[in-house]
Structure formats: structure tokens, C-alpha cells
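Could you build the full structure based on these sequences and the hints that come with them?
Protein chains: 4
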Amino acid sequence: TSTTHAGRAVADFHPQFTGLIDAEFSTFDLHEAVEKTDIIFCALPHGKSAAIVVPLLEAGAKVIDLSADFRLKEAGLYPQWYNQEHPSPHFLPEAVYGLPELKREQISKARLIANPGCYPTASILALAPLAKAKLVDWKSVVLDAKSGVSGAGRSLKQAFHFPECTENFKAYKVPNHQHIPEIEQELGILAGSRPCLSFTPHLVPMVRGILITAYVRLTKELTEPDLWELYEHFYEGESFIRLLKPPRLPETRFVMGTNFCDLSLRYDQRTGRVIVFSAIDNLVKGASGQAVQNMNIICNLPEEQGLKHVAPLP
Amino acid sequence: TSTTHAGRAVADFHPQFTGLIDAEFSTFDLHEAVEKTDIIFCALPHGKSAAIVVPLLEAGAKVIDLSADFRLKEAGLYPQWYNQEHPSPHFLPEAVYGLPELKREQISKARLIANPGCYPTASILALAPLAKAKLVDWKSVVLDAKSGVSGAGRSLKQAFHFPECTENFKAYKVPNHQHIPEIEQELGILAGSRPCLSFTPHLVPMVRGILITAYVRLTKELTEPDLWELYEHFYEGESFIRLLKPPRLPETRFVMGTNFCDLSLRYDQRTGRVIVFSAIDNLVKGASGQAVQNMNIICNLPEEQGLKHVAPLP
Amino acid sequence: TSTTHAGRAVADFHPQFTGLIDAEFSTFDLHEAVEKTDIIFCALPHGKSAAIVVPLLEAGAKVIDLSADFRLKEAGLYPQWYNQEHPSPHFLPEAVYGLPELKREQISKARLIANPGCYPTASILALAPLAKAKLVDWKSVVLDAKSGVSGAGRSLKQAFHFPECTENFKAYKVPNHQHIPEIEQELGILAGSRPCLSFTPHLVPMVRGILITAYVRLTKELTEPDLWELYEHFYEGESFIRLLKPPRLPETRFVMGTNFCDLSLRYDQRTGRVIVFSAIDNLVKGASGQAVQNMNIICNLPEEQGLKHVAPLP
Amino acid sequence: TSTTHAGRAVADFHPQFTGLIDAEFSTFDLHEAVEKTDIIFCALPHGKSAAIVVPLLEAGAKVIDLSADFRLKEAGLYPQWYNQEHPSPHFLPEAVYGLPELKREQISKARLIANPGCYPTASILALAPLAKAKLVDWKSVVLDAKSGVSGAGRSLKQAFHFPECTENFKAYKVPNHQHIPEIEQELGILAGSRPCLSFTPHLVPMVRGILITAYVRLTKELTEPDLWELYEHFYEGESFIRLLKPPRLPETRFVMGTNFCDLSLRYDQRTGRVIVFSAIDNLVKGASGQAVQNMNIICNLPEEQGLKHVAPLP
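In order, the protein sequence lines correspond to chains U, Z, D and W.
Read in order, the letters of the first sequence correspond to residues 1 to 314 in my numbering.
Read in order, the letters of the second sequence correspond to residues 1 to 314 in my numbering.
Read in order, the letters of the third sequence correspond to residues 1 to 314 in my numbering.
Read in order, the letters of the fourth sequence correspond to residues 1 to 314 in my numbering.
Honestly, the hints are just simulated from the structure, not real lab data.
Heads up, a few of these hints could be off.
A pair holds if it fits inside one copy or across any two, identical chains being indistinguishable in the list.
[Said to hold, decoys possible] Using 25 Å as the maximum straight-line C-alpha spacing, the simulated SDA-like pairs for lysine to any residue come out as follows:
#1 Lys139 - Glu224
#2 Lys73 - Gly237
#3 Lys308 - Thr223
#4 Lys132 - Tyr82
#5 Lys157 - His14
#6 Lys73 - Leu244
#7 Lys62 - Ile52
#8 Lys134 - Arg217
#9 Lys173 - Leu227
#10 Lys134 - Thr37
#11 Lys308 - Gly19
#12 Lys173 - Pro246
Structure (C-alpha cells):
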């Protein structure tokens, strides 16, 4: 549905669908939406989603919400990180944070999925095995994050004007990016207590892809093979997690256009740090692909359905 | 001089000089070189430079060496980080590490300058004020480094083939990049004891530019204004250091083609970390520009001579 | 199969297949190849393919050859355009030039398909309707071609080293690119006599995509609506041809990763020229996608099978 | 001067000048402007420049106008190509089209310079020697033009949003780009009669640079050496024209950041066409660099002053 483009062909605005999809945008009608669909994907801006999602739920719909509006469990964090009060905090408890590798069971029964942000997906998957095993010295954790420009959406800003964006590298929103509380919340649930970590996003002159470089000290001495065993065990059977053993390291191009999260790690004996690398396509595993994965789980479809893409290399 | 291209026009291999420079490559003749020059720039690969530099020095030349062969004070580090014994360790003590902002006085009197590596230049300048003031909790230091592809030189490798390099982001040489000991050595000299820090380089799909994101905990509580005062004082009068105050942050395009090092910092109260950003052009302040700056100092010329370029934006 | 990598996992060399394909490279064994396969794709370099293809044919295989070795009907053109005599000219007559939009019938019965080059695919499809209708003043035809860097293959060359390739635009192989005789041959078959046209390739700093800008004067006065009618009629029912009506124009990103050829045209009344634009993904419709399309035709499968990709925008 | 940013530091909006230029934007005051300056550069949008330039001239200023407002001699062309009547057509006759290689003498005496557009600069310089020698069969001329994105200016548009602009190639404004009449006017003056030629601009995913590929048939049979002699003679002594002999061809990176126009040509015996290549930096020789060159001529300064830049390769 589209308010502005109702009646126009989808392919007029997304030309890649020319010759493939005949659909037109229609206006949003709540009752029609609820009746005609099994699940509704809602991809409105942060702060504007709740106003649509709540009526949909109340009318009986199942919703996968791609905004941040239902990701945080504590309503009190919204004013701090999103500059506004949450309009319907009583829905926060039942929303399930839609990261299938951690919450498959809950997702399958949910009527409201808070689809994770792109940075949190890559960050949480990087550290989940260590968090779960209570191995992390949280005071030591630094997440240095790098994202392609599509992470910023389609809105025009000077910073994303091609001549000011290509052949450039910079950090932004330092030190308070709004994805931090999501990461801390979910890793905290695994670890048993909420961490306070550093997260610094950077802009890479490419379209898609996120790479997280996570620096961690452990609370216990482990070898690199121990760590690999831990990760292999934790992610056993996961279709969309690929563990790349040394000498391999994740590269964003390996996951481009796919729902994979590629992970690798190194134990640096000199400094005593574990360095974990995590790569996803911010628009797929970091957004719509993960939403489809969640839908598959809810609808009891094969989890990989519609998601078995191969990265177009080169 | 060039062994392979002797007799050919420089502009044939560096077409940007067409119509500007008529010079031809000549073969290298040690005595002629020493007689006809005031200073010799030596830009041979690591491990091959010492064999030329030592005879030049013995024949009375002054040399600015752009390789790593004279950067480390401890000969014992060469086998560990460069996989070979140092051929002439007795020259290491007199070589001056050519970072003018730290060693202007020594440079002015030196006959052998070890011109710093690109990553070390940006890394050391980022932390020097804190190191000198003994404010750094060294166990906390993480340097997350990002570089354009020209940092890898002109040699052909699959990883730098355009279709495998563009639209991609990855880490490399984890966790043992050969620039680490330089960084630790020089920060250690300032701090009074050699640190052991994490340094992870990444490859950015752009030609030029390095951005260092440095994470540091302090040994003493300071405010952000205190930190700015410290940096302003430390770099007072430096022509090539620009301190970018909030909300500004360094971007590699601001220093592209220039000898500037742009610095900024944030104090993150949530995590108690200082985050310092440092940007240079790896081919200018990170290599040849710094070499010219060193020459200017040695020859008692204005330090900015030939180095007042403006970044070509956009 | 691979001579050098036999026994190694395909995913080691093509990391996008990690977790998706378990296959290993095997050595090439002619009899095993013929027995175990319905069709063999042969993607050897030009000049090296015939030596493998001929024995395969003689052993009873059907072959889709992606090299240029069987594309030209006149053996005499090989020395002129490829600098070598053709080793087995007696196979040239039976080879079918595998452009399904023009030769579907012949392809379906062939045992040897000469899969078209990337530039010829885009060029021929741009002008085929006009050629067939005998409307072209051939002396007027200029094909100005632009290609992404992947068109040059995976071999390392200075010209494709990222720092020398990005942020740059240039022409190459002027005026004698080896794809010219293919274009002239196939348009000549349609037109009834062999044309002699200008074709100039350029290198675009992007990975994939070809855009052809074709300038043509007509032998008869037509309006733009007449021309659109001609193109619509000619390409009626073609799954992989998309005609983009004004104000739309082809963009390479619309076809990236797909088997589509997007076409548009304008009639310029001022100059009396028709300008036709044609965009393909050089690696898909310009190579392997078209090969699969040919296989589908030969094997009597739905022609779109395995080829219904959507361009990953943005 | 700046209306919106008056009182703010120039370096705030053009960060490359940080530490180099202390100037602030001031409001525009006509009388102050005329009194305090020798020459005024006017870089307003097309259609808005005349309203400022005319009062400046009337107050006695010399003006170099970078807009299109005074480039066309026939006022009647403005409604056709720029969709508006010209407000002060009586100034068109005295405006000098500021292409120094063609009009050095007139420029030196002018009070109003119409600084040429970027495409016209590259196009006219490509064909000027042939036009002057009356060798061109004008009906045959095709100019296929490619430009980096900075040619579109700093205004935000969806088409220049990084994710929709990188890794893409397309044509635009077909067949009626507003630079066509400039090109035809100036070549017509040289040739003795106004041509009508095809000109198609394309967008290259890079920041700076224009490459023109010009296709021409001659009215007389000439060899390639004849043509080179013609070009060498025509451009003898020109500081900013570089003729690149075969096998060399212009590349936009060779002129990036410089005021050079690199030219090369090939005579294609097969088709009887001459193909001329012309490369400039659209922001330098195509705009501000040429404006400075014009200023130098008017002020009787060395023509190269302030313009001897070397392209930053790689």
C-alpha cells in the first residue's frame, strides 16, 4: 500500500520489477488488510509505526514490524534514544524481538514481531554464543561497525549525495547511535545482566553490507579452538549462519543479496582479546529477509523459503 | 631512478605528469646520487631498502627512507613482524622516526630518517597527547583502522582487482599487521612504557585515505573540554594538524591529496571511553608528503613548502 | 571441472557458494563428461575452446560454448580479429549463434551453440527490429558501448587494479574490438547484406552492466510511434526483452543480476537520427544466463527456468 | 558572497578549506563588489544570473559569468533550450564565449565573459581543428558524452543519491540537452555554417570528469598522420591542451583536478570515420579553472597562474 502512489504501478517506482510484477499500489484500508492477509509487514518510519500497528493488532492481524517501535522492552528508553514517548507501551511486553537464531520458539507463536535493526542483527549474532556462555568481560566490549549507504534509507540528504559520499569514509552519530539499546538489551538477556558497551557506526562508500568488528576480553582463558567449538555448537543447524574458519574472514560481498550472517573470529594472544567479525546484507538479514524468515516461522513454512539467494559475485 | 625503465620518460609511467615534467628515469649510480643531491628519498620495498641506504649513508648522503627498514629500534622485532633478520642493526639507533609533530628537533639534525608508515602516522597522532600526559589505561586501547586500497601499493593481487574490491568491506591481517610494533614503540616512548594494543586494519572501497577510530579509557577522570584543551595545547602551532570540534568529525575526503591529519574526539560518559578519530591521506601525510615535510625541516625550508594543497572536493 | 583446483571445494574459490553448494572441482575426463551430462557448458578462453569442444562433439556431446571460437561463420575472420587461424573451420557451419530471440528454432535442434559475446548481445538486440525491416542506413550506424569491469574477466591487469580503475572513464581497443565481426555478421543476416559499422567500447567504473547507445539513420521516414510498434511486434512474447517507453530509459542497475535486455529508443527530429539504448548484465544475458536460456531451449524446459531474478536495487 | 550563509565561515560549508582560508561569507552589495574587485566571478543558476550581471556591468564591473545566460548569441534560442525568454538580449552581442584556445584575443579585451559549459568545452576542443579546416561532413557528427556526477551540481535529487547512482550507467536528457546549441554555435563559427549534430550525455558513477567520443566523417581523404599534424599545428603553444599519441587514449583520471584538456584521435579505415576523444575535469577546465584562465588573460597575468595542478594519481 502507498498513500502517495495509490493506483500507480509498483514497477514505476521500483523499476527492477518491470515485466515481473503487475501489482499496483493501493490505499491502506485496515479492515481489508486484516481480512485479506495472513501476516502484515509494516515498514513505516520509527515513531510512526505504532499508530498503525496497534489498530491492526486490535483488529486481529499478525504483524511483523520493521520499525524500532516495539524493539525495546523498557518504554523509558524511547525518550532517551528516539526523542519521544512511546505511544502504546502496554504492547511492548508481548512483542517478540524477531531474531530467529535466538527466539525461534517465541516467534512461532507471536502476533507482533519487532524485526531487529540491521546493526543489532550483526552485533548480537557476533557475540551471542559468548554472552550465553557468560564468557564476556562486558567492560571490555567495543563494537566497531561499518555500513553501506543503503542503511540510511532512500531519503535525500547531502551526506548521501554521490559526490560527497563516494571515495570517503567517516564515523557518524558518535557515541549515541539509537541501535545501542537494542544490542545491550538482547545481549543482556543472554548474559543475565545488561551490559554497557561502545558502538561506533561508520559509513562505507558502497550500497549494501554491514561488517561488525567486535573486541572482547573473556572472563576465562580459552583457546581459539575452544571458541570455534562454542560457536559451532551454538549455531548448529542454523541455515543462515556461516562460520568462516581461518584464514577466511567475512567480506560483505559474500553476503550481498542474501539472508546469511557470516561469522569468524580470532584469538589474539598478544592482547588477550577475542576479535569477532560479523557480516550481513543490511537490507536482507538486516531487514526484509529476516522479516520473511520470521513470516516463514510463524506460518510454519520451511524457514529458507524464498531466501536461498546466492551473492552475485563479482 | 628506475632499473627497469631507465631511459624512459617519467610521464610514460605516471601519465599525470604529461606536459608538466620532462624528466626521464635514469639508472641508479651511488656516487652520482650522492654528489648531485642534498637529500635522497628511498622508496624501496621493506627488506630491500637497507641494502641501498647503508652504502648511501657511508658515502655521505642524507637519506629519507620510506620503507620500514629503519623504523623499529629493536632489531629483534624484525624477524617477528617482517620475517627476516635486519641486515644492518647498527644503523637503527641513529635513525630518526620521522614524525615531525613529535621529533622536529631530532629530524633537523638527522642524516637518516625512517619515514613513518601510513597507519602509524594516523594512530600515533591520534593518541600522542594522551600518551604524553600519561592518561591512557593502555590495557583498554583498541585501534580500529580503515584504509583505502592505494595503501596496498601498485602490485596486482586478486584482492585489489576492481570487481572483487569495489562494493566490499573486509578486515585483513588480523591480528598481526606489521605496523603494530611501530605504533607501540612510539606511543611507548611518549608514555614511558611500551603498550600492547589491539590494531585491526580494514579495506575500504576507495582509493585514498585512512581513518583510525581509537578507543581509550583514561587513568584519570577528565571532561571533554579538558581533553580538547590537552589536544590544543599539544598541537599548538602545528600546520598540518587540524582539530575538528563537535559536531564535526574527520572524513577522509577532507584530507585527500593533502598533508593534513584531521583529529576529533568524543568523551562517552555512558561507557567511560574516549573515542579519538584521526584521518590522513595515506599517500601524503602517510608517505610522500611527510617525507617532503621531513626534507623541509632538514633543509631548513619553510615546513609547509610544496605541501599547501586543498582537498579536491567534491 | 578444473585442472588446477581438482579436488578442492568450489566454495573455496567462489565463496558465495559457502553453505549452498558442496561440490568439488574434478579433473576433466572426456568420456565421463559425455556420459554423465546432457549438455556441456564450455567456458574456456578464446582460441583454446575449439580443442576441447571438437572432441566432445565427436564423442556425441551437446555443447554450449561461451568462447568466440564458433561464433564467426567465415573462418577467414579469425586471423584478422583474433590473431590466429581457426583450428577446425569445418565445424563453423553447423554452430548456431545462440541468441534465442533470433534463432530459437535452430537452437532447439543444435548440438553446438556458439553463445554470443556480451557486447554483441546488447548491440544486436538493439538493432535487430530495424535490421529485419530493412530500415537502416548502415553507413550511418555508430554503436557507442560502455561496460562494467567484470567484462574483462578475472585475470589481473594494471588497468583493472582498483586504484587505477575506479573514478575513471576511458575508451579502449579503438577502433578494432574483436566483437565487431559478430555484430556485423548477425545484423547482416537480418538485413540481407553485411554492414560495416563503428563500435567503440568504454570502461565504466562499476562491476556489471553494458549500455549500448546506437545511432542510426533510417532509409525511410518513420515516426517514433511507428518505431515503437515495430519493436513491440518484433519482440512480442519475449520473456527477457523489456521495452521501456519514454520518459524511461534503460539503466544498467535495472538489469543487474538478471537475464533481461532492456531497450528504449528516441527519434530525434532535429538530426533525423534514431537513438536506441540497450542494457544487459554482461555476466548474465551477456554470458552465463544466455547459456542457461539456450540449455532450456535445447532441453525443452521452460525458457525462463532458473532465470527469473530480480535486480537487487538499490 | 552568500545570501543564506552570510557571516558564517567559508570553511564551515567547504571543509577542505579548514586551516587554509579564514574568509567568511558576506552579503552581496553591488557597489562594494564593484569597488573592491577587479573582476567578479558569477556562479548563479542559469536564468538567474543575468539579473545580477547586468547591473554589475552597468556599474562598471568586469564579469566572468559561469551560467549559460550569455553563452548563446541568438536570444531566440533561450526559450527553446532553457524554457524562458532572455531578460537582456542586448548584452548578448558583446559577451565573449570564454574558450581561451579559440578567443584569447577577444577575451583579453572583454568586460563580459560567458564561461563555457563543461560538455561544450570538451566537445568544441575535440573538433575545433577539423571545423576550422572545413574538413567535417557535419551530417555525420555524433558526440557521445559521458560525465561524472559532480556535473549535476550540489542539489539533491533521487538520481544522485549514492545507492541509486553508484554501480550504474545510463543516458539522460535524450535528445535535447541544453548544451547542444552552444556546441553548434561555436563549431559553426569555426566552420562557417551552423551544424546540426547528435549529442547524448551519459552519467558515469564517478565524481569528476568528462569524456567525449566524437564520430566524424571527413569531406576529404586524410591519413591519421595528416590529422595529427593538423591538431598539433592548431594547438601549438597551448598550455592546457595535451595531445596523446597512439597507443595512448585520454582517461578522465589523467585530468582530474587539473585544467588540462587531453585529446587523442584514431582514423578507422574500415568505416572511414575519425574518432576523437577529449577528456577534461568538468569542475576545472569545464568550469572554475577555465574561469581563472579567463581572468588571467583579462588581467594580463601568466595564463597558467594558479592552474598548474597535477592529477592526484592513483
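For each hint, the structure was consulted:
no. : hint            : result
1   : Lys139 - Glu224 : both (21 Å within a copy, 21 Å between copies)
2   : Lys73 - Gly237  : neither (29 Å within a copy, 51 Å between copies)
3   : Lys308 - Thr223 : neither (34 Å within a copy, 46 Å between copies)
4   : Lys132 - Tyr82  : neither (28 Å within a copy, 39 Å between copies)
5   : Lys157 - His14  : both (20 Å within a copy, 16 Å between copies)
6   : Lys73 - Leu244  : neither (33 Å within a copy, 37 Å between copies)
7   : Lys62 - Ile52   : within (12 Å within a copy, 58 Å between copies)
8   : Lys134 - Arg217 : both (12 Å within a copy, 23 Å between copies)
9   : Lys173 - Leu227 : between (32 Å within a copy, 20 Å between copies)
10  : Lys134 - Thr37  : neither (42 Å within a copy, 53 Å between copies)
11  : Lys308 - Gly19  : both (22 Å within a copy, 10 Å between copies)
12  : Lys173 - Pro246 : between (33 Å within a copy, 11 Å between copies)
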